[in-house]
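Residue numbers (this note's numbering), protein chains in the order written: chain H, 1 to 434; chain Y, 435 to 973.
Among the hints, a few may not be true.
Stated by the list, open to error - Simulated coverage check for chain H against chain Y, where a stretch passes if three residues somewhere in it have a Cβ under 8 angstroms from a Cβ of chain Y:
#1 201-209
#2 250-260
#3 266-272
#4 350-363
If you are wondering where the hints come from, they were derived from the structure by calculation, not from laboratory data. Beta carbons are placed, not taken as given, at the ideal position from N, Cα and C, and that holds for glycine.
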Amino acid sequence: MSKKLMTRTAGLALASLMASTMIGGAMAEEDTIKVGILHSLSGTMAISETTLKDAMLMLIEEQNKKGGLLGKKLEAVVVDPASDWPLFAEKARELIEVNKVSAVFGCWTSVSRKSVLPVFEELNSVLFYPVQYEGEESQRNVFYTGAAPNQQAIPAVDYLMSEEGGAVKRWVLAGTDYVYPRTTNKILEAYLKAKGVADEDIMINYTPFGHSDWQTIVSDIKAFGSAGKKTAVVSTINGDANVPFYKELGNAGIKAEDIPVVAFSVGEEELAGLDTAPLVGHLAAWNYFQSADTEVNAEFIDTWHAYTKDDKRVTNDPMEASYIGFNMWLKAVEKAGTTDSDAVIDALVGVSVPNLTGGYSAMMPNHHITKPVLIGEIQEDGQFETVWETSGLVAGDAWSDYLEGSKDLISDWRAPLSCGNFNTATGKCGGSGS
Amino acid sequence: MSFLKSFLLLLCLLTGFSGAVIAQEDLESLRPLVNALAEGKFKETEQQVADLAATGNPAVAPLLEALGNGDLQFRKSDKAVFITRSAGKGYQLIDPLTHEVAGEASRSEVTKIKVNNGLRRSIRAALGSLTLMAKDPDVRKTAAAAIFKAKDPEAIESLDTAIAKESDDDVRLVMEQARAAAVLNSDGGDADRLEAIDVLASMGNRDALSLLTGFAASAEGEQKAAADKAITRINKSLALWGNAQNIWYGVSLGSVLLLAAIGLAITFGVMGVINMAHGEMVMIGAYVTFMVQEMIRSSAPWLFDYSLLIALPLAFVISGGIGMAIERGVIRWLYGRPLETLLATWGISLMLQQAVRSIFGPTNQEVGNPSWMSGAFELGQLTITYNRMWIIVFALLVFAGLMLVLKKTPFGLFTRAVTQNRRMAASMGIRTPWIDALTFGLGSGIAGIAGVALSQIDNVSPNLGQGYIIDSFMVVVFGGVGNLWGTLVGAMTLGVVNKFLEPYAGAVLGKILVLVFIILFIQKRPRGLFALKGRAVEA
Chain H
1 MSKKLMTRTA GLALASLMAS TMIGGAMAEE DTIKVGILHS LSGTMAISET TLKDAMLMLI
61 EEQNKKGGLL GKKLEAVVVD PASDWPLFAE KARELIEVNK VSAVFGCWTS VSRKSVLPVF
121 EELNSVLFYP VQYEGEESQR NVFYTGAAPN QQAIPAVDYL MSEEGGAVKR WVLAGTDYVY
181 PRTTNKILEA YLKAKGVADE DIMINYTPFG HSDWQTIVSD IKAFGSAGKK TAVVSTINGD
241 ANVPFYKELG NAGIKAEDIP VVAFSVGEEE LAGLDTAPLV GHLAAWNYFQ SADTEVNAEF
301 IDTWHAYTKD DKRVTNDPME ASYIGFNMWL KAVEKAGTTD SDAVIDALVG VSVPNLTGGY
361 SAMMPNHHIT KPVLIGEIQE DGQFETVWET SGLVAGDAWS DYLEGSKDLI SDWRAPLSCG
421 NFNTATGKCG GSGS
Chain Y
435 MSFLKSFLLL LCLLTGFSGA VIAQEDLESL RPLVNALAEG KFKETEQQVA DLAATGNPAV
495 APLLEALGNG DLQFRKSDKA VFITRSAGKG YQLIDPLTHE VAGEASRSEV TKIKVNNGLR
555 RSIRAALGSL TLMAKDPDVR KTAAAAIFKA KDPEAIESLD TAIAKESDDD VRLVMEQARA
615 AAVLNSDGGD ADRLEAIDVL ASMGNRDALS LLTGFAASAE GEQKAAADKA ITRINKSLAL
675 WGNAQNIWYG VSLGSVLLLA AIGLAITFGV MGVINMAHGE MVMIGAYVTF MVQEMIRSSA
735 PWLFDYSLLI ALPLAFVISG GIGMAIERGV IRWLYGRPLE TLLATWGISL MLQQAVRSIF
795 GPTNQEVGNP SWMSGAFELG QLTITYNRMW IIVFALLVFA GLMLVLKKTP FGLFTRAVTQ
855 NRRMAASMGI RTPWIDALTF GLGSGIAGIA GVALSQIDNV SPNLGQGYII DSFMVVVFGG
915 VGNLWGTLVG AMTLGVVNKF LEPYAGAVLG KILVLVFIIL FIQKRPRGLF ALKGRAVEA
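Just chain H, with the same shape it has in the complex (with noise of 0.2 angstroms):
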């Protein structure tokens, strides 16, 4: 078999030419560098994670065009864990043992972090998660290069009590029903509570996966908003929900400059499926927009159309997660002089690589990254406009310091301490967590 051939039946992917690839992976262990994949490519979350494929693909195929890395070349091993929470397991499982990566990127929700965090422990490789979470948590063997809360929660409720955002007091957390939001909102709670804001000015509302009708929620933030104080709405409600939630927001004649709404998880591609002139003003929080007015930027999105043949496709935060990340891999293989995963593992702590929006982001010993905190506007063409952002880097924090059972835990992968969960209370490594 050919290595053109192989690589190409890799990145292929096909379920059913794994075979193939396995016969070839052992052939190839001499030449190549393998990635793996693990991202949904059908099910409910392949509307969200078919792009972060379609960028790993682009970024491994742009650094092979500049030599690839320790001299080899570099090739993607792409499997679809369809959405279904158990089988990322058993395909991150494959993708280490069978195909021999040497490090993997992938993963969306929580549940399916959640559910390869043992594999990772147990066959000691390195998994880099590419999306906003909602923290309490820090493990070995994975780097987290989404945001934590701090890097995007807090700065956003920070920039509403404000007087430029409008000086707010009563909020409303609107969310999705599943760990992100409840934990997210949890934090929130307490961080507005610490802030002095009363009980019966915050009212929390969750909603099933996919909802589509919104109209009594709509209807009940209209009438909680009209309690003669300033009201928000704090959104994290979950992909799909989010089209009707915003069509009934704009027929409603809800506008951003009496009721905002920041929301978490709506990004560039999210409103890439709606008409966004109903909802200009309306705000949402992350670490990088399409926007960004700078040089690598410019040059990343023009990669991007010129990879996926298609100048309308929108970048998003996720994507420039999974850049930092895969440059930071690259970095510190590049640092240690082999793919081997300890030895990776402790380089990483303390690389630090361009990010998008202009600066550098740092690897930081608890696993997570240095990022600016950028709250934008909706404009008609579906693009944010940047209002507001945080005058220096924020570091991520693994543990929450506004939840009673993670505010003494401190994370340092740094010898001696070592330690994910560290109690500073106690002393002791192991302190309770989610």
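For this one, chain H is given, so just place chain Y on it according to the hints.
Relative to chain H, chain Y alone:
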């Protein structure tokens, strides 16, 4: 220059200044203020907007409007401010005061003057006081509504003059309400304020409630008592309206359920095929709408408002055709084997989903609302959105149409005959296999046109159908298998029950409660609300 004329005319229409001749010097005196907009952050811009509005010069209004819409940009080289309009790859620059074309610029040569929500609020307020005396009553009304939101005490004087001059009753009412809002926010006298509270109390909506609650928190004595009384009054009437609103929302949800389920009522209800691919027929209908809109956008934009009407027959034919192909290709071999049918149609649904994902990509596709389906109107204290209203009308029309087909046409007669007694029908010369295929096609086609309607409220993605399949089965089983009226009553009941539960139990628990209710109901009446009687039941 005809373009310029029409642009000017448009601005006049927009703001209602019918070509008032503005002296050139007046305009030029504004120039430094306008160009100052290029400097400073949001806070400074807000001050600059206030300064501009304070000049009272009507030429400021279109300028502020452009700023609010994000059309105001400045040239990087000399910091001159222009209103910009997209022209080819760059912008056309228009002088913000004289509205003359002042050249062109590429996208990199100009920078947009950023606006945020706070700034948009100030612009809205400033525009309100500037356009209060406009010619067009609609503009005056919008202006008054803007002042109501801003509750700026300084606007009271201009409101008084405007109210005195106002000839339109409707507009005068809004102006009086705006004045009341401003008075409550000022340090006016007792009598003035009590009168304002009265005006707001009779307004009786959430906006008034919001103002009064805010006011009551800091008021004292007689004023506080009056405000509290008004608040109780409004709350009482809003609670009543709340029930009406729940019913409306329930009917609206019911109509969506009806649309999703009515095709299934035929394939599953009448034919007895457990059709798990039903949701995908809905999805295909939605994608047909998307394709029709794409074609219209690129070749005939003026047809956009009719896009749904064009999509309806196409969706019916395409979904129906695919349905017939499925029946002829797969299901006809599996009649009488419900378990196999279930698995086979489930497989087909996955294949259709993945096929759509491969062709159109996994992301949402944008399906726009035609103008007659966006926005809302007020009925008393009810906010009724047009898209929901048309969907209710549409669902009932589809239901009536289907009833007609089944009861009044030969095809309907054959269908009923075949489902009631297949062998007898065959003996009478009916080609039962073809009736099966056509009936299945009809059910799928109806699902397709449901997809056209659902594309207006839900997102068009490969997963669209999955969200509706469980609800659809629930409605059909609850209503009674084989009975269209049962589907109608079932959908409406579930919708209304759901909407009455939601405010108390929340959306998640509400859904669970409805499910539990249906399970208990089925225990009591296994054949649903309207059970079919007679020989068909045993067949």
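Q) Of the numbered hints stated previously, which ones are contradicted by the structure, given in increasing order? A) Structure breaks hint 4 only.
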